[in-house]
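Protein chains in written order, with this note's numbering: chain A, 5 to 330; chain B, 19 to 404.
Source of the hints: derived by calculation from the structure; they are not laboratory data.
There's no promise every hint is true.
Cβ pair distances, simulated, as ranges [as the list claims (entries may be wrong)]:
id	chain 1	residue 1	chain 2	residue 2	range
1	A	259	B	250	52 to 60 Å
2	A	183	B	344	57 to 65 Å
3	A	275	B	239	30 to 38 Å
4	B	250	A	136	21 to 29 Å
5	A	171	B	373	48 to 56 Å
6	B	35	A	313	53 to 61 Å
7	A	289	B	400	55 to 63 Å
8	A	275	B	397	43 to 51 Å
9	B	239	A	140	18 to 26 Å
10	B	388	A	187	47 to 55 Å
Virtual Cβ for every residue (Gly too), placed ideally from N, Cα, C.
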Amino acid sequence: MHSVETVPAHLEQTSAQVLIASRLAKRFGDRVAVDDVSFAVAAGETYGLLGPNGAGKTTTIRLICGLLRADAGQILIAGQPISTTATPAKKSIGYVPQEIALYPDLTARENLRFFGRLYGLHGKALNHRVGKVLDLIGLSERGRDRVESFSGGMKRRLNIGAGLLHEPTLLVLDEPTVGVDPQSRHAVMESVRSFGAAGMAVLYTTHYMEEAERLCDRVGIIDHGRLVAEGTRRELVAQLGEHDHIQLTATGDLAALADRCRGLEGIDRADVKDGQIQLLATEGRRLLPAVLEAAERIGTTVRSVEVAEPDLEAVFLHLTGTALRE
Amino acid sequence: MTALAVAAASLRRMLRDRTALFFVVLLPVLVIAIIGTVVHNPGGFRIGVLAGQAAGPALATSLVDDLGAAGPVEFQTDEQAARTALRRGELDAVVLVPVDLEATLLRGDDVVIPVLAGGAESTQSAVRSAVSAAVARHAERVQAAAFAARRTNSSVAEQLPRATALQRVTPRISVSTENVASGSDYLPLGFGYSAPTMLVLFVFINALAGGATVVQTRQLGIYSRALAAPVRARDLVFGETLSYLTFALLQSALIIGTGSLLFGVSWGNLPAAIALVVTWALVGTGAGMLSGAVFKTPDQASAIGPVVGIAFAMLGGCMWPLEIVPETVRTVGHATPHAWAVDAWITLLSRAGGLADIATDLAVLAGFAAGMLGLAAVLLRRRLSS
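Okay, chain A solo, but in the shape it has when bound (with noise of 0.2 Å):
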C-alpha cells in the first residue's frame, strides 16, 4: 500500500471528509481490476461509480469494505485505516451487495436482528434498531413473514436496511436496484437520496447512467478499472463543450454513413453500433440536414433521428469510445 504522503493534494483529510480511497491498486493474475483509482466522500454526499459491467466497480467496493486486499493504495473511513482484518473502522461503513445476502428462511426481523449483532447491538438497542429499519424502509407489517415470501422489491429493501442497523456514517451500494421492477427502483432511489439528506456518505455504483444522474451529487465514471473522469454531473457534461448525441436508426451501408458524417465539420465522433450511428456533434441540430443528405447520397435510408443534450451517457461515450451499457 501506498503511505499517506502518497495521497494526492485534493484528497488530503478534511473533518468533513468519511471516504478516501487514494491510489487503490487490485489485479487478479495478469487482469488488471482496478487501476490506481482515488476519490472521496463527504458526510452528506452521494458519490456515484459509473461504469459497464466489469468497469471495476465491485471490486472497488469490496476494497474499501474490506473484503479484498489491495495490492496497493490506501483506504480511509472516517480517518481510521480499513483492512480484510475486523478492524474498527468496519464498524463505520453499511454494505450493501448487490445479491439479496439475506437468510431467505427467517423472518425480516430474525435478518436484522442476526446482522445488527455482527455489529455489537444487542438486547433493548438492537429491538429498538431493528424497529425503526423496518418503519424506515416500510417493513413493519412484514417484520415477521419469512424473507422467502417477500418480493424482489421488499427484498432489495431489507438487504439495504440491514446495511442501516448500525447507523453507518459511509453507506456503501453496490448497484442496488439490478433486477428490480420499476416501482421498487424508485423506492429504492428515494431511500437512498434520504440517506444522503440525512448526512450519511453514500457511495453508490451503478451502471444506469439515469441513477447516477438523478441521485449523485458528484459521479466517478470508471472504466477498464481506471477512473477516467469525476466530477459532478455539470463539471462532466461540461467536458463535452457545447456537444450533442445524435442517434441515427439506418439501413443500408452504416460504415460509409459514419466515414462521410467524420468529414462533416462539427463532428467530433461517429461509431456504429447495433445498427444505429451514434454521433458527438457540436451544434447537432444544426448539422443534421448535411448529415441527412449524406446518408441520401450513399443510399442509407435514414429511419428515425434523435438528438439529445450531453447526458453522462455521452460523457462516457466521449472518454471511452464506447457506450455505457455495452
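Following the hints, position chain B against chain A.
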C-alpha cells in the same frame, strides 16, 4: 458474540427445515422400530441341531424338543454348515445328537453328547449349562422309563410315554439364568442393536447433508457481507461449528430418548455413553463442516452427503455386524469412524464396558473429528477470505 449469532441463525434455519426434520426425527425412529422388530431377540440361546439327527428315532426327537427350553432350535443341513453358522455368530451352540442315541440308551449304556460352542468364554459356559439342563431333563425321563421297564419286565420304549407324562406333573426345581452380558462380539439383537447403530448412522448422514446449509449461506453472499462487519472469518467458522454440534447433540438426545422410552434400550455406563455421544457428535460436526466447505452447491451436499454416509455406515458396521464380514472388509471398515463408534457401543452395551474400555475408540474418533474439523476450518476460511 459473533459466533453465537451465527450459531443461533444456522440452528434456527436447520430446525425450521421440515424436510430435514423428517430425516432427523421421524426416519431414525422409524428405522429403529423396523430393524428392532424384524431383527428381534428370540430370547435364550440359539441352538443348532443337524436336521438328519432331529428327524430320527423318538428319543432323538424328544431330546431336540427338550433343547428348545434352552432357546430356539435351528436346523442345519450338516456339521460344516453348523460350524460356519457358529463362527458367524448366527448360533450360540450346536448340539451333535449321536446317530445311535436311541439304540445306546435302550441298551442301557452311557451316552456322550458333543456340543460345539462359539463366542466368548462366558457365553460358552452359559450355553453349556443350558444344554446340560435340557439333556438332564431328557435323561430323567429315559432313566425313569428304564427303571420302570426293569421293574415291570417291559421295554423302555413302552415305559417312556408314562415317564414323560409323570415328568409333566412332577414338581420341578430349576435354576433361572438371565443372559445379561453374553460377551458376544456383535451388538445384541432387537432395539439394543438398532438404536445405537442408527444413532451412529443418522447423526453422521444428517450432518453431511446439512453441509448444504453452509454452502447455501456461502452462495447467498451472507458470509461475505458479514465479513464487511468487524468480525473475523474464524468467528463465522466457529459459529457454524457450534450450530452443527448442537444439532448433532439434539439428534443424539432424541434417538437415545426414543430408544429408552419407546423401545426400552439400555445405553450402558452413563459417563462412557455421554463421552461417546459427544465425541460422535463432534465427528458429525466435522463431516458437516467439511461438506459445507467442499461442495459447490447445496444440491451436491444434499445428494452426495447421504450416499457417502450410507456407504460409510455399511462399511462401518451400522447395517450388519462386522464380525460376519471377511477380515479384509472389516479392516477397510475401520477406515471409517463408524466402525470405531459401533465397536465402542458394543463394548458399552454388550460387554458392560466403561470409559476405560472404550478409551481407544474415543481417541480414534476424536482424531477423526479433529482432522475433519481442522480441514473444514482451513478450507472454509480460505473460501470466505477469497
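Hints, one by one, checked against the model:
no., hint, verdict
1, A:259 to B:250: 52 to 60 Å, "holds (58 Å)"
2, A:183 to B:344: 57 to 65 Å, "holds (58 Å)"
3, A:275 to B:239: 30 to 38 Å, "holds (37 Å)"
4, B:250 to A:136: 21 to 29 Å, "holds (28 Å)"
5, A:171 to B:373: 48 to 56 Å, "holds (53 Å)"
6, B:35 to A:313: 53 to 61 Å, "holds (55 Å)"
7, A:289 to B:400: 55 to 63 Å, "holds (59 Å)"
8, A:275 to B:397: 43 to 51 Å, "holds (48 Å)"
9, B:239 to A:140: 18 to 26 Å, "holds (22 Å)"
10, B:388 to A:187: 47 to 55 Å, "holds (54 Å)"
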